[in-house]
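Protein chains in written order, with this note's numbering: chain A, -18 to 292; chain B, -18 to 292.
Treat the hints with care, as some may be off.
Given that identical chains are not distinguished, each listed pair holds provided it fits within a single copy or across any two copies.
Said to hold, decoys possible - Listed next, the in silico DSSO-like pairs over lysine-lysine satisfying Cα-Cα at most 30 Å (straight line):
(1) Lys129 / Lys86
(2) Lys97 / Lys159
(3) Lys15 / Lys96
(4) Lys99 / Lys212
Keep in mind that the hints were calculated from the coordinates and are not lab data.
Computed from a predicted structure; not experimentally measured.
There are 2 protein chains.
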Amino acid sequence: MIKIGLLGFGTVAGSFYDLVEENREGLEKITGQKIEFKKILVRNIGKYNRCKNLLTINKEDIFEDREINLIVEATGEVDRLASPIEEALKRGVNVISANKALISKYLERLILTSKKSKASLKFEGAVGGAIPILSNIEKLKAAGGVKKVIGVLNGTSNFILSQIENGLSFEKALELAKEKGYAEADPSADIDGIDTMRKINITSSLLFDKFFKEEEIETIGIRKINEDRIKDALKSGKTIKLIGYGDKNGKIYVRPEELEKNSILGSLKGGENAIVFFTENAGEIVIKGMGAGGRETAYSLVSDLIDIYGK
Amino acid sequence: MIKIGLLGFGTVAGSFYDLVEENREGLEKITGQKIEFKKILVRNIGKYNRCKNLLTINKEDIFEDREINLIVEATGEVDRLASPIEEALKRGVNVISANKALISKYLERLILTSKKSKASLKFEGAVGGAIPILSNIEKLKAAGGVKKVIGVLNGTSNFILSQIENGLSFEKALELAKEKGYAEADPSADIDGIDTMRKINITSSLLFDKFFKEEEIETIGIRKINEDRIKDALKSGKTIKLIGYGDKNGKIYVRPEELEKNSILGSLKGGENAIVFFTENAGEIVIKGMGAGGRETAYSLVSDLIDIYGK
Ligand SMILES: NC(=O)c1ccc[n+]([C@@H]2O[C@H](COP(=O)([O-])OP(=O)(O)OC[C@H]3O[C@@H](n4cnc5c(N)ncnc54)[C@H](OP(=O)(O)O)[C@@H]3O)[C@@H](O)[C@H]2O)c1
Ligand SMILES: NC(=O)c1ccc[n+]([C@@H]2O[C@H](COP(=O)([O-])OP(=O)(O)OC[C@H]3O[C@@H](n4cnc5c(N)ncnc54)[C@H](OP(=O)(O)O)[C@@H]3O)[C@@H](O)[C@H]2O)c1
């Protein structure tokens, strides 16, 4: 029996709960096991009006419950959850996370721990929402590997940049992004490139078997982008996108770059994300889809569950 | 130990042999097993100047060798290999094939046999060369499924259609496709839509858990395409592509359709293929890459091997 301790019950974790309930029959068939939500960690129980009997605000209720054999995490909390998660992995508890901030910062420790204990650690949802990026990496590597990877991985930046192309100032575009729900109240992780940095960090580490320190990744966001540069690009059929880049020589960075408007990365709109793998043997492989969203990201958490327990 | 009987030693099978040799160390690590090529089936031994001691023209040398536990098939032969492959699956021998003609025609029999015997049957290379299409289907289904799928899956047709856009007649475009190696001496499987039909048949069967009869799939190729239709489309920013379509109501067909020129399917060039999954919960997921080529397709055969034997 898969006994889940769910950390968080917001946009992503709540959708994960829904997806599992909606597809319980198929999932139990694929995994060959019953699935139970044992407990759910939140900070403010009053906010929720379902699963009342499962909710807790004490993380010990989950981390000290020896029956829980799978932790699914989608909180956004970073430092206070890293050690308990590491301890859980040590004990052999499997972990699925959508939390790019936590995974990017603690990647090396968590991966080494999971390798030692043979517990599974999966985080497809942390990179590119619904897009199956990480699950394709092992195969890309085994048949000769990848030379470099380039991704457009932040929907907020996409949206703002295309609004500037439409004539808005950066400030107006950011305001509109907030109104439309693309940007959060504090948009710095998006517009300063941090979000993209975390995603390209996670992807490159797995692809190139090398751990990077976040603070050593050159990260330039779009906050100070020159609006004229965008308009000039447009005139010659180009467009500026915030890209994440990584290669097998260990080069890794995030910055706005000029792309052909009608290339696959250049033509992305709004919340669309895409990543291009430049492989040694299979040409370019591109994967594109919705980079965020509750159900979209929850879909990747379910994929991880199948990767771990699928027969 | 993985003991391989290789059927065929041409463009794809030869590249598979090379990829395994080049990446042997990594593959043996991932699978936890040594890998050996035990025998290789061809028709004309004189053509080959390597692996002489492994070559055979008698299929019994492979199918009656009880040490062989994996058959990797890339011949193009259809009816004469279907039954021996089915018998091998029955005995528990795993099978990987790149042969879309054989897989499409015998899909139901082969899948049912492999389910019964619990032997693995994989054929990623049969649909879309290097593109990881089939390996993503199980997950797409488990998290709510797919409403419909549309693919541009034939590079020869892509090439010919874009040459007609450039002003060539169909005949001239076909000639050029042959010159450039896009089209074979007998191009009918490509230009009559048969190749696309096989790929969308295989994909839809897996996605929608329903077997189709090849002859019941409405298949219109590009042989009789109206050149004016293509030029008219172009004038309004559209383009004609040969698409394969399947949906969860069991609708399935192949025909030339008008697409936006700057959409992801509309902008494909030459040998590029792409497929769009319209999912229930994760929006549209697009996968794009090289649809054919020896090393590209062999890459998918290696992926299948990892899927079967990866720890
Ligand atoms: N939303 C997306 O589209 C998306 C896409 C990819 C990845 N992600 C990642 O998924 C994670 C969750 O995102 P979200 O959009 O679902 O956020 P959210 O809607 O704000 O939900 C966060 C949930 O976690 C709980 N939580 C937060 N900090 C906690 C803590 N220290 N201890 C206990 N519970 C805590 C919250 O509980 P209270 O409300 O009770 O405080 C809430 O239930 C983040 O790491 C995010 O980066 C999100
Ligand atoms: N080429 C691609 O880009 C590509 C992409 C995706 C899928 N595929 C599929 O992969 C398969 C192989 O394609 P390919 O391009 O590699 O063809 P190929 O270069 O012509 O090679 C075919 C090989 O199979 C052998 N063979 C053919 N029929 C045989 C039979 N009845 N008995 C024994 N050996 C036989 C041939 O041996 P002899 O030469 O000695 O006759 C040759 O070694 C086909 O099913 C094709 O549809 C190809």
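30 Å Cα cut-off: does Lys97 pair with Lys159 within a copy, between copies, both or neither?
So Lys97 and Lys159 fail the 30 Å test inside a copy (43 Å) and across (54 Å) alike.
State whether the alpha carbon distance between Lys129 and Lys86 is at most 30 Å within one copy, between copies, both, or neither.
Classified as within; 22 Å inside a copy, 38 Å across copies.
First find the shortest C-alpha distance between Lys99 and Lys212 inside one copy, then the shortest across copies, and answer within, between, both or neither for a cut-off of 30 Å.
neither (52 Å within a copy, 59 Å between copies)
Measure nothing new, just compare the shortest in-copy and cross-copy C-alpha distances for Lys15 and Lys96 to 30 Å and report within, between, both or neither.
both (26 Å within a copy, 22 Å between copies)
When the structure is compared with the earlier hints, violations turn up for hints 2 and 4 and for no others.
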